[in-house]
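If you want the building blocks of each chain, they are given just below.
2 protein chains.
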Amino acid sequence: MAPKAVVLLSGGLDSATVLAMAQAQDYELYALTVEYGQRHSREIHCARAQAKARQVAQHKVLHLELPDSRASALTDAAPLPPAQPGSAIPATYVPARNTILLSLALSWAEALEAVDIFIGVTAVDYSGYPDCRAAFIRAFEELANLATKAAVQDGKKFRIHAPLLDLPKHEIIRRGRELSVDFAMTSSCYNPDEQGGACGQCDACVLRLKGFQQAGLVDPARYA
Amino acid sequence: MAPKAVVLLSGGLDSATVLAMAQAQDYELYALTVEYGQRHSREIHCARAQAKARQVAQHKVLHLELPDSRASALTDAAPLPPAQPGSAIPATYVPARNTILLSLALSWAEALEAVDIFIGVTAVDYSGYPDCRAAFIRAFEELANLATKAAVQDGKKFRIHAPLLDLPKHEIIRRGRELSVDFAMTSSCYNPDEQGGACGQCDACVLRLKGFQQAGLVDPARYA
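Going down the list, the protein sequences come from chains B and S. 1 is the number of the first residue of the first sequence in our numbering; add one for each residue after it. 1 is the number of the first residue of the second sequence in our numbering; add one for each residue after it.
Please note that the accuracy of each hint is not assured.
It does not matter which identical chain is used: a pair holds within one copy or between any two.
Unchecked claim - In silico EDC-like pairs for lysine to aspartate or glutamate, Cα to Cα no more than 20 Å straight-line:
(1) Lys4 with Glu171
(2) Lys60 with Glu171
(3) Lys4 with Asp68
(4) Lys156 with Asp166
(5) Lys60 with Asp76
(6) Lys52 with Glu28
(7) Lys4 with Asp203
It is worth saying that the hints were derived from the structure and are not from the lab. Note that the structure is predicted; figures quoted are calculated from it, not measured.
Given only the sequences and the hints, what does the whole structure look like? Please build it.
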C-alpha cells in the first residue's frame, strides 16, 4: 500500500510541481488548500484543477480566519503597494503563514496516520520570506516530532519535504514540465484581473516570467 | 507604555488564571480564543466573561475548521468515550492542537508588534498530552524566532510564556484565587449538559474537583 502524504497546494506553480513530484514518488496524495483571504479566488480554482489532474485521494479546502488580515498586503483589502525590488522582506509577507499552514498539514497528517508532509517553499528566488528557509523547515520538523501523539507515543517520525528549497524558478519549471504539470492552470500573480488574468508586473509575475524565459519556455498562463 | 501580550484563552480554569497572571505583570492584554468545534459553547461564553473581567485591550474569537474533526473525541460528534485513567494519551487529544493555537497567536503577536505569548499548558496534571510539555514550548519558541519577519529582519525575540507548566492543579487554583479569578465563570468539563453544567465525572472534572479539594476550596462552578 502506498504511503500517504499531505501536500500543501496553493494553486501556484511551485506547489503544483511539488504535488507532481510527490505523485512521482508513489505517495497516495492528500492535498490541502487553505483559503486565508488571499486577494483572489483564481488560486483556489487552480488548486482544484491540479488536485483533479493528479487524481488525489482527497482534496481539502479549509477556510481560515487570520487574527489580523490587515497585517499583510496580500490579505488586506487595500490595493497592493508597488513592488520594491531589493528591499527587505516584502509587504506581501503574511505573519507566521507557513507556520500556520504546516500546523494544519501536521494535524491532518496525524489524523490520516501519515508522516510525510510536502511544501513548495523555495529559498533561491524566495523574495526574502523567513519561513521559506531550510532552517525554518528543519525547526518545524523537530517541533512536529515533539508535538504529536504519533511521534511521542507511537515513535513515528514526521518528515517535512521541501523539494524545491534549493531550486531556482527555471529549474522548478523544467521539473514541472517533465512531470506534465499544466502551468496554464497555475496562478502566481498578486494582482490578477477579474477574470484571473495575471498582471505581469508584480514581484511574483516578474519572477515567473523570468523563470520561463530562462527555461526556454513560454508561460501558457493568461496575462491581462 | 505597557508591552502587549497575546494570551490564549480557552475559557477553562488554567487559561483564566494565566490571563490574570499576565495582567499582574502589567502587560496590555490581547486575548485569543479559538473555536475549533469543541463539544460545547460554554467555554466560549466563559472566555468572553474572563476577557471582560480583565478589561483586555482586545478579545478575538476565531473560528477554525480543523482538517479532520473526527480525529479527536473532543471534536467528534459521537459521544465521548469513558475516561481511562492511567492509560496512554487520552482520546480527547486533538492532533497538533497547541501547534495550531500557538501559530495563530504568533501571527497575531507579530501583527501587533508584540513578542510575548502566554499559554496555560501544564505538564504536572497534564493527562499525557505531548504538546503540553516544556520541550514542546521551547521548540515552538525557537521556531517562532526563525519563522517571522519581526525576529529575522528586526531582531526581535519572541517569548512563549507557560507559567503553569510546573504547577499542580491545586497550586494553579490558589494562584488564581489570589488574583481574584472568578472560577464560577470557567469551564473544564468535556461533557457539560445543555445549560453548561459540568458532569463531574470526565477526566477534566475529576482533575478539577481534586484540585479544589487539595486547595481547601469549594469549586463555585455549577455541576449537573
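Hints and how they fare:
1. Taking the shortest alpha-carbon separations for Lys4 and Glu171, neither the intra-copy value of 26 Å nor the inter-copy value of 44 Å comes in at or below 20 Å.
2. In this assembly of identical chains, Lys60 and Glu171 lie within 20 Å of each other by CA distance neither inside one copy nor across copies; the values are 28 Å within and 43 Å between.
3. For the homomeric pair Lys4 and Asp68, the shortest alpha-carbon distance between copies (15 Å) is at most 20 Å, but the shortest distance inside one copy (33 Å) is not.
4. Neither within a single protomer nor between protomers do Lys156 and Asp166 lie at most 20 Å apart by alpha-carbon distance, with minima of 27 Å and 27 Å respectively.
5. With identical chains, the CA atoms of Lys60 and Asp76 are at most 20 Å apart between copies only, with a shortest distance of 18 Å across copies and 24 Å within one.
6. Taking CA atoms no more than 20 Å apart as the test, Lys52 paired with Glu28 passes inside one copy only; the shortest distance there is 13 Å, against 48 Å between copies.
7. In this assembly of identical chains, the alpha carbons of Lys4 and Asp203 never lie at most 20 Å apart, being 34 Å within a copy and 33 Å across copies at closest.
In summary, the numbered hints that this structure violates are 1, 2, 4 and 7.
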